[in-house]
Amino acid sequence: QSRTVTGTVTAREDGTTIPAVSVSVKGTTTGTQTGVDGKYTIKAADGDVLLFSFLGYDTQSVVVKDNVINVVLTLNSKQLGEVVVTGLGINKAKKTLGYAQTTVRSEEINRSAAINPLGGLQAKIAGVNISNVSGSSGGSTKVILRGYTSIGGTNQPLYIIDGVPLSNARSGSSDNFDFGNGANDIDPNLIDNISFLKGSAASAIYGSRGSNGVVIITTKKGKSGKPVIDFSTGTTLTDVAFVYKPQETFGQGWDAHFVLGENGNWGPKYDGQLRPWGAIVDNTQLLKPFSFIEGNVRNSFDTGIELNNNLTVSGGTDASTYLISYNNIFSNGILPGDADKYQRNNFSLRGTTTYKNFSADASLNYVAKNGNFVATGQGPTGVGTTFYENVLQIPGDIPIKDLRDYKNKYFNVDNYYTPYAENPYYNLNENGSKSKSDRVYGNVNLNYKFTPWFTLQLQQSADVNNSSARIWYNTNTPTPGSWVGGGNTEGQSRKPDVGSVEESNFQTYEYDTKLQGIFVKKFNSKFDINGLIGANYNDRGARTLSTSIEGLAIPGFYQLSNSVNKPTSAEAESHRRLVGFYAQGTLGYSDYLYLTLTGRNDITSTLATGNNSYFYPAANISYILSQALDIKNSAVSYIKLRGSYGETGSDTDPYNINNILTATNVGLGFGNLAFPFQGVPGFSISNTLLNPGLRPERVKEFELGGEFRFLNDRIGLDVTVYQRTRQDQILAVPIAPGTGYTSELVNFGSVRNRGIEIAFNASPVKTTGVSWDISYTFSKSRSIVTALPDGLDKVILNADGYGGQFVAIKGQPLGILQAPVPQYDPQGHIVVDGQGYPITAAENGTYGNFQHDFVMGLSNSVRVKNFLLGFTFEWDKGGKFYSGTADLLNFVGADPKTTYNDRNPFIVPNSVQKVTDGSGNVTYVENTTPITEANTDDYYYTTSNKAQAWSRTILDRSFIKLREVTLNYMLPKTVASKIGASKASIGIYGRNLLTWLPAGNHVVDPEVSNYGTDLASEYGEFRTAPPLRYYGASLKVTF
Amino acid sequence: ASFTFGCSKINDINVSPNNPSIDKATPQVLFPSAVLSTAGNVGGELDIIGGIWSQYWTQSPAANQFKTIDSYNLQRQDFNGTYNGLFSGALPDYQLAISKAKDAGQFPFYLMATVMKAYTYEILVDLYDQVPYTEAFQGAANLQPKFDDGFTIYKGLLAEIDAALATKYNVTLIANDAKADFLFGGNMDNWRKFANTLKLKMYLRMVNTHPQDAEAGVRALYAAQADFLDTDAGVNVFTDATDQRNPIYAYTVFNLGANDLRASKTFTSWLTANDDPRITNYFGTTAPTAIDQGYYNAPQSAQPGYYSATAPKLAATDPVYFLTTAESYFLQAEAAARYNVGATASSLFNAGVKAAFDQYGLTAPTGTAYTYPNGTLQANLRAIIYQKWASYPNSHTIEGFFDQERTGYPEHSPVYSLDATYVAGQWVYSKNGVTGGKFPKRLVYPDSERSRNANTPAEVPITTPVWWGLPNN
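Protein chains in written order, with my numbering: chain A, 1 to 1039; chain B, 1 to 473.
Some clues are possibly wrong.
[As the list claims (entries may be wrong)] Some chain B residues well away from chain A (every beta-carbon gap over 12 angstroms; in silico):
#1 Ser88
#2 Asp93
#3 Thr421
#4 Trp467
[As the list claims (entries may be wrong)] Computed cross-link-like contacts, EDC-like style, restricted to lysine to aspartate or glutamate with a CA-CA straight-line distance of at most 20 angstroms:
#5 B:Lys67 <-> A:Glu843
#6 B:Lys431 <-> A:Asp833
#7 A:Lys92 <-> A:Asp653
#8 B:Lys438 <-> A:Asp917
#9 A:Lys223 <-> A:Asp192
[As the list claims (entries may be wrong)] Where chain B lies over chain A, by a calculated footprint (3+ residues, C-beta under 8 angstroms):
#10 503–516
#11 552–558
#12 726–738
Worth flagging that the hints you see were computed from the coordinates, not collected in a lab. For clarity, every value in this text was computed on a predicted model and none was experimentally measured. All residues carry an ideal CB built from backbone N, CA and C; glycine is no exception.
Sequences and hints are given; from them, build the entire structure.
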């Protein structure tokens, strides 16, 4: 019986209708396509099989027996015909690529309502390391592709949005404040997909800016049809993911005695007896049991909240589409009060139009951000202190929660329990910072199709950001004679903090113009060519003006006029241009062999004429063996082999060529003399010798890989090995002061990064109602310093304030942690001094390097009818980092390591004393001098036992985390339609839910850092904020 | 290849808007900068080393900062801010100021920068014996400058001063330029006197090892009727504001909390024995509690007083002197004592003592220490150098160290200052000295030079005298 069959084709992932799906009757030439509304009509007979196929989706077949057949297509990322966005916004069939490229789609990005575009992708992509360096909403996300190779420059990837560069600046951020990075400004709800170009063959087309990989973000467009309204809302609660575990045996005190005013846990053992504590105020004192308070640290925080709401309206005609979107992020973090509040509003407009051979699209985005951030690390000496520094110093028996009442007469400035620290809640309420920014970015893209095989494209973008930051510290002056002002049992008075205000403005701008011709042609049944040729002009820069005062005249009034001292100001500007000419061609043979050649010539403004024009070549080959051998129907469903070589590089920062004068600042060792002085200006020849002969840094990278799929794509494996070498690195190296300079900017040496990346997929269960997908990623990379300038044995990458250093040493892994070590006798015993303390060796020793042995991720997703459950684990193994938190916890005796030998006197294990006789002969005798009970605290302090302090503060970097758990439920259409929706889903999720740290580290999450988001951050952290745990619920509705 | 827009090159924008290019330098901005770089070192790190090694001060047992200085245990990594700071800060700036001033015919700046360069260089030579001079400050053109011996450098500096004095330097500076002269406010007569006094000081440095050159140099000065400083050469511009404080105050008091430097028994015993009223100016009390030199690890039970020892009296607004009036007179007194030139040695000695006490508005006591002995040269020299030693704190204490190395005064004590036979004022070997009883005589080259310049001379012990040092001292 012949019928007219009608129906609608929708996508399983988001329930939207799919236009242009090809519908055919199997075994015939009869066929049609779905319209813009996803509907089709076709004539067929009962028993006929209808095939529904669409690029990127699994083909569905349905036997005809009704007049209405609605079909749901499932996205198949493994599809042979998958089209991905490659460099410069070009869409290409993935099979033609001779390098590794991973693409993730909107659904994956937004499954757990992360407010940052990459927040939901941790552990999901081999070779892409994503971490949150600070525990605040709005803080920076650190993204490193493959590994570190640049010693002095940047290791940050280039961010490209809809074909144009996006600034990732961290304006105003410092060791104390993290105001977030630019790539986090994008509304994740608006992203259609993100592609990661990890290797140089892929990124060579970006020339000087692609040397650390490229993150390509493509945003959503409107679809033709009646208006579609998408609404999503997520409510997320946040709390502390991990806090250190203090020792629970010894309470407040110092030198093994109970002392009322001490900030240490060096007192007697807890006995549970009621004891007075804190200041004596009006002849009264508080009373509490002398016992450890469970959860004390966690109780210093609250539960935070994060709201993520998005409303998008889109639609269009056959010729034109539009999309309007509004995203609102509101967050109030885990610290009490408004000290860590963050808001972001994104407005986006996007339109496309086509007229005959002409097409255009444009987007405009406005981002308004507004956040309060809490200082981490060490506050400015004599000016103010930070919350975290003070919280860590509170003995385990003092109830932190009570101290929140910081104006209470027992906890205020005068009567805080100790003169050695300040009430952290005073810091939280009286000090602070406010960051505001207004950013506009967008682009216009014009295309003209001259012939079916040639299109000319002109694209212009702009990204302009204007932001400001205000940082203030209130005065904190104890009254002389009060408890803190000297009236405590030890007679110590705390030095007052004078307070400060700093107001800074930051402007960044970037304009990018691109003109390119794209050609696609099939010559005959064997050969096809796909290429482009173009030119690119980029102009970007930044401007900063910062003014500050130190010493507030009126406490609590934060204005530049309110000071006993003159304000100081500083300004800085930078501006650079880059012109690039490029061409790329892919020659295909018989749909299974593809050769791509790329060349780009860059001309930069930051290098001198003669050195500022340079060429980057790249080539890659893709060979689809399964197609060539026609084994598609065997157990092996797909084999692709690929190989590539590419060169990229980077120029230098502006103004590194010509020697300059600097406003004089004479360093005294401690303190400075800064001009102007008594109204007299002073300039000095800069101590860094700049270099007109600088050449660009150059990255050369080989990559080999393969994709293998078995059992009808149920099992997939993608393996990549690569070697990246960065040569001619630009860095200021020390030179002999006799030259009149202390350092010179030079090209030198190289770092080699080798690695392997494996992605494994399997679908153990795949039925209409139930499916189970497993994906596993493994990556291992190792960066080795292969050359340094002659005579230079190491380059210092970062350092803590006490003597530990993060260094690059020739022939060794990049990023060695070096710090003081004990002196050893020839037999390997520790040499101690007359007091029994280890003697520090003349040279620093090596404690290891920061690099992980491997990083792996395991994700599972299980779909049962309309339910989808997903979870992701990450395991990072090996590596070391320095913890300034551990340093302070050892000083105050909170670290469990400080309970060694139950704090009874002990002799340093395996130690000897050095004896020199009259004729200068040295012998070593067994050490019998114990560390006394009263001196135990000195044993754990950095300066008094310098030889061993770093063995307790350089910690194991390993961790295992449950990164994400999500459960989504797609409401049945019948239910959704009751509220007028075409589809609706609800979900619950959690991120960073569980953290396991190794025995060597019960102090701090190794991912946090307040040393930025580049190589220096891998040294570790200095009393930074703990990371967050997120759990929430979301609702997504499409009308 | 160069890419052009219209008629301009793409890299035309690569001129820093943040810093002036080096060719925009003028003596007016270079000179004051370099002077404070000299002052920051002479009155900062060198004042600490000089203060400890001249035994005015010693390290407190309650802190750690200067133990390596007080035990003569300085290594390549320690306290080389002066070497790095003066070579990369003050000296190339003086050098550039000199060439700019010469080219522009600004002879006052030429003289001012030359004298300050010579003064600064002389200190480096006296600390390190040999330093780069003829090949210094050439940047990338010579990354490994050779080292010249101290005597060659001295002769070179003296010739540079003479060349500058031979120009038309004696013109009046316009008011704004005069402001750039922190020392004398543009008074060129004073600069000439400073130049002459500096020459005298340098010739007298040579008396042990180049006696003919020393005598000829001094006699030539007097033959030319050179006039010498009768005012203090130094900078008195410090205020108690951020980055504007006196260097040693900023370093040890403001930033390190005044926890380290304490009165040394060596100095306080001499001041007390001679009823010297300057004790209040130096220590803020007539009866300071002192620590025996270098005994920072004394058990508290044995030396309870050490923990409450008196700190030096330093203030944010103290001046830094390069060469005081008193020092000028004492130098002239020594010249008179040695060569019978100028006024009588005894009148110059008295003028020196008076100037030293005038500095604090005080009158000198009348004891033997303050009376010129009119005896043997050694007796006369001893009196002069003791008075110089007592006059250097708190700003250019390193000169006390140099004078001892040159003359042997104050004498090295055969016993420690806790011994009953100890003679007040004699220098004692640090309780924790690591040099086997030998006093330090120089600094070791910093790692920054040694590791990057193959021409750096082989390291010699810190106890080896520099080229002009008194042998067997």
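Status of each hint after checking the structure:
1. Its beta-carbon lying about 5 angstroms from the closest one in chain A, Ser88 (chain B) breaks the requirement of being farther than 12 angstroms from that chain.
2. Under the 12 angstroms C-beta cut-off, the non-interface status given to Asp93 (chain B) relative to chain A is violated; the minimum distance is some 5 angstroms.
3. With a least beta-carbon separation of about 25 angstroms from chain A, Thr421 (chain B) lies farther than 12 angstroms from that chain, consistent with its non-interface assignment.
4. Its beta-carbon lying about 18 angstroms from the closest one in chain A, Trp467 (chain B) satisfies the requirement of being farther than 12 angstroms from that chain.
5. Distance check on the hinted pair: Lys67 (chain B) and Glu843 (chain A) sit about 18 angstroms apart at the alpha-carbon level, within 20 angstroms; holds.
6. Distance check on the hinted pair: Lys431 (chain B) and Asp833 (chain A) sit about 16 angstroms apart at the alpha-carbon level, within 20 angstroms; holds.
7. Proposed proximity of Lys92 (chain A) and Asp653 (chain A) is contradicted: the alpha carbons are some 34 angstroms apart, above 20 angstroms.
8. Proposed proximity of Lys438 (chain B) and Asp917 (chain A) is supported: the alpha carbons are some 19 angstroms apart, at most 20 angstroms.
9. Restraint check for Lys223 (chain A) and Asp192 (chain A): the C-alpha separation of about 13 angstroms stays at or below 20 angstroms, so the hint holds.
10. For a cut-off of 8 angstroms, the count of residues in the region 503–516 of chain A with a CB near a CB of chain B stands at 0, and the three-residue condition is violated.
11. Coverage of the region 552–558 of chain A by chain B is violated. Counting CB-CB distances below 8 angstroms, 0 residues qualify, and the rule asks for three or more.
12. Only when three residues or more bring their CB closer than 8 angstroms to a CB of chain B does the claim for the region 726–738 of chain A stand; here the count is 5, and the claim holds.
In the structure shown, a violation is registered for the earlier hints numbered 1, 2, 7, 10, 11, in ascending order.
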